[in-house]
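Participant: Here are the chains, one letter per residue:
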Amino acid sequence: MNFDFSDEQKQMRDEARKFLAEKCPPKAVREVLDGKAPYDKALWQGLAEMGFLGVAIPEAFGGAGAGHLELCVIAEEMGRANAPVPFSSTVYLAAEALLLAGTDAQKQKWLPKIASGEAIGTLALFEGKGNPSPKAIKLQASGGTLTGVKKPVPDGAIADFAVVAARTGSTGRDADISLFLVDLKAGGVEAKSLTNVDPTRGQAELTFKNAKAEPLGAAGDGWSILTQVLDRAAVLLAFEQVGGSDRALEMGRDYALDRIAFGRPIGSFQAVKHILADMYVSATLARSNCYYGAWALSTNASELPEAAAAARISATQAFQHCSKNNIQVHGGMGFTWEFDCHMYYRRANTTALTLGSLSYWEDQLIDRMRKKNAA
Amino acid sequence: MNFDDTPQEAAFRTEAKAWISANAPKQYEEELRKSSLGRTVLKGANILEVAKAWQKKKADAGWACLHWPKEYGGRGSSPIERVIWQQEEGPFGKLSGMFIIGHGMCGPTMMAFAGEEQKRKYLPPLASGEKVWCQLFSEPAGGSDVAGLRTRAEKKGDDWIINGQKIWTSGAHYSDYGILLTRTDPNVAKHKGLTMFFLDMKSPGVEVRPIKQASGQSDFNEVYFTDVVIPDSQRLGAVNDGWNVSLTTLMNERMSIGAGVSTGFPELFDFCNSLMLEEGPAIEDRSVRSKLANYAVKASGLRYTSMRAISALSKGERPGPENSIGKLVAGSMVQEVAMYALDLQGAAGVLSGPEDAEVAGKFQAMLLRAPGTRVEGGTDEIMRNIIAERVLGLPGDIRVDKDVPFNKIPTKGRA
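Chains as they are written, first to last, in our numbering: chain C, 1 to 375; chain S, 1001 to 1415.
With the rest of the complex left out, here is chain C:
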């Protein structure tokens, strides 16, 4: 047994950390936070040049052909740096959907562009409030066109193409749902940027009016593909959340060591030490659940659905816990715009929702554990 990343993978993590420390300091994140740009274009190009965008994309489609364990370590660093780029929507959602269900031609059209940073992709799933559910999908497909409204769509306003979940039947079953690929620049789709809790990762409303679309995967397979895409994205996003948790913990620890009150570093008070110890505990549990998710993802194990749900829940909890208590340890300064704490707090509370909220994943986890138990 070797339940750890390899030395090469750890080296890749160090490289990504170094690269992001240089190219994505908090100052760069703030450019996007303050609305000066919709995302960090220079960073996006840099990530492409480093080969990080296509790390899990096969070489035949312009990627590095490394694998998902490598993608996990990069995801962790993206979360640690709070990178203001459409990485999760393009790489975890759009690219994964293409890899799972795309034809060779579809892969050939989009994957090389993802790897090179020329194309931003996303998944258009939600239509207003609620968690992932086939019943909630109303957007209609007919005669190779789509009509309806999707929101919120992550990075929808800057995306070049979208994987869209649409209704193709009305039997009330999962098979009513099919997936489509839509070139968002080809007309028929209107994108509107929406104000959201974390401006460093945009959200949009996409209005489809007889927009030209091509099927992705077989008709009626949409929900089953989506479920797999969401599981795979859940593991990858969980690594971002773990990276963010660790960074929030470090920020809190560093502040507790430097800040003096009552004549001593506040980190010498047990009340503060214990807050930080509990942050370490939740970040560690999340990391361990994520490692199991990484193993299941990279080996396509039958345990993936359960492992993904556990990683998702644990990492969501850890990031929320660490980011809110990082502010608490900082006291009043943590609640200023000037300090970086709120950037992690924002990211923690939006990543907690983008693939479906905690209650959704809790439900999924128990369903999947029951199934395994019954088997």
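Hints are computed from structural coordinates only; laboratory data are not their basis. From a predicted model like this one, the values you see are computed outputs, not experimental measurements. Glycine included, C-beta positions come from ideal geometry on N, C-alpha and C. Do not take every clue at face value.
[Claimed, not checked] What follows is a list of derived Cβ distance ranges for each label pair:
1) S:Asp1397 <-> C:Lys138: 55 to 63 Å
2) C:Glu250 <-> S:Glu1049: 46 to 54 Å
3) S:Arg1286 <-> C:Asp7: 40 to 48 Å
[As the list claims (entries may be wrong)] Straight line, CA to CA, 25 Å or less: simulated PhoX-like cross-link-like pairs of lysine-lysine:
4) S:Lys1070 <-> S:Lys1121
5) C:Lys10 <-> S:Lys1315
6) S:Lys1026 <-> S:Lys1094
7) C:Lys371 <-> S:Lys1291
8) C:Lys324 <-> S:Lys1291
9) S:Lys1315 <-> S:Lys1017
10) C:Lys372 <-> S:Lys1291
11) S:Lys1034 <-> C:Lys372
12) S:Lys1291 <-> C:Lys129
13) S:Lys1034 <-> C:Lys371
14) S:Lys1070 <-> S:Lys1057
15) C:Lys209 <-> C:Lys109
16) S:Lys1017 <-> S:Lys1052
[As the list claims (entries may be wrong)] A few chain S positions that, by computed beta-carbon distances, are all more than 10 Å from chain C:
17) Leu1199
18) Val1208
19) Gly1320
20) Ala1388
21) Lys1412
Given chain C, work out where chain S should sit, using these hints.
Facilitator: Leaving out everything else, chain S in the frame of chain C:
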């Protein structure tokens, strides 16, 4: 990243599995599998005798204390082989409970500080379970603050005379030997005046009194020492260097990773899977599912944290203070799990008799035993201090008694 055995590990696993299958006391397997915190009993058998017989059998065939050197009763196995053994031993591993202190703490301390002749004399019967050892550290005046202990050892010729009292000594009532931390110089700061010994628990002047716990059971004891004589040859480490010796003991406690701490989650999941509520199966209830999911990810988080630690161990890394999280998380979780299982039973949750209570009162027993798990072997608060100071590098507590001679430290709070 993989969960596969290497060829050597696979061969070891096959050998261990075959031996366990041919030799384990199978008649108790089901009962052991079902046992949980606060309830590890065998019907119609004395669990201590069953445990000793199993340990002896393992020792005779070379399967006891796997990681110890062969000359001291072990097998000279690698850390990973020890973990594989634990995995294969499964529920029979619960029979090792009475040996954990001896094998995990006393043995390694003897190995580090006793003379060669003593090691060859005392360690093999400790490994085989023929002799049981206990650890005499905690005192009424020193629990978390163990260096505050007051049991005196005074030199008289070639002997030491011991007077004082220990408390919370697991298994003292069935132990043959113990390692004992004493105060030999009260005129210096508290950590600097301690000395470690080992002794025969049958020595004249040793009196063991069981403590009746809040749960009604008695796992622990008070041990009184009245003019107990220990020869100087049974001193472990230098005079007044007992604190450093005890750190070796406590560090070895952390080596016992992978043994698995009880979270109560598998029991709760099974219970919810079969429980019917008024509205239908409990496991289909939204709030039940949410609670279960939260416990599930803690339990799996601990399981995979332990696997990461085992992987590090197999690469030759030493387990560090980060392994304190297992006990910290599981200790309070098992208590919450028990409370939640009772909550699901409604008013009938008050019943604890095996004939009336749900699942024979398993969760009621768990509830009553659980407060102890958050205190024994280091309280939750001490565990958090360890994580904060030794993992995160935060400053130690301000110790007002650090440079004060022990006999000048105040002994009373409010006058």
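Participant: Give a verdict on every hint.
Facilitator: Structure-based check of each hint:
no., hint, verdict
1, S:Asp1397 <-> C:Lys138: 55 to 63 Å, "60 Å, holds"
2, C:Glu250 <-> S:Glu1049: 46 to 54 Å, "53 Å, holds"
3, S:Arg1286 <-> C:Asp7: 40 to 48 Å, "45 Å, holds"
4, S:Lys1070 <-> S:Lys1121, "13 Å, holds"
5, C:Lys10 <-> S:Lys1315, "15 Å, holds"
6, S:Lys1026 <-> S:Lys1094, "13 Å, holds"
7, C:Lys371 <-> S:Lys1291, "18 Å, holds"
8, C:Lys324 <-> S:Lys1291, "22 Å, holds"
9, S:Lys1315 <-> S:Lys1017, "24 Å, holds"
10, C:Lys372 <-> S:Lys1291, "19 Å, holds"
11, S:Lys1034 <-> C:Lys372, "20 Å, holds"
12, S:Lys1291 <-> C:Lys129, "24 Å, holds"
13, S:Lys1034 <-> C:Lys371, "22 Å, holds"
14, S:Lys1070 <-> S:Lys1057, "16 Å, holds"
15, C:Lys209 <-> C:Lys109, "24 Å, holds"
16, S:Lys1017 <-> S:Lys1052, "20 Å, holds"
17, Leu1199, "36 Å, holds"
18, Val1208, "35 Å, holds"
19, Gly1320, "12 Å, holds"
20, Ala1388, "4 Å, violated"
21, Lys1412, "23 Å, holds"
In this structure, the one hint that does not hold is number 20.
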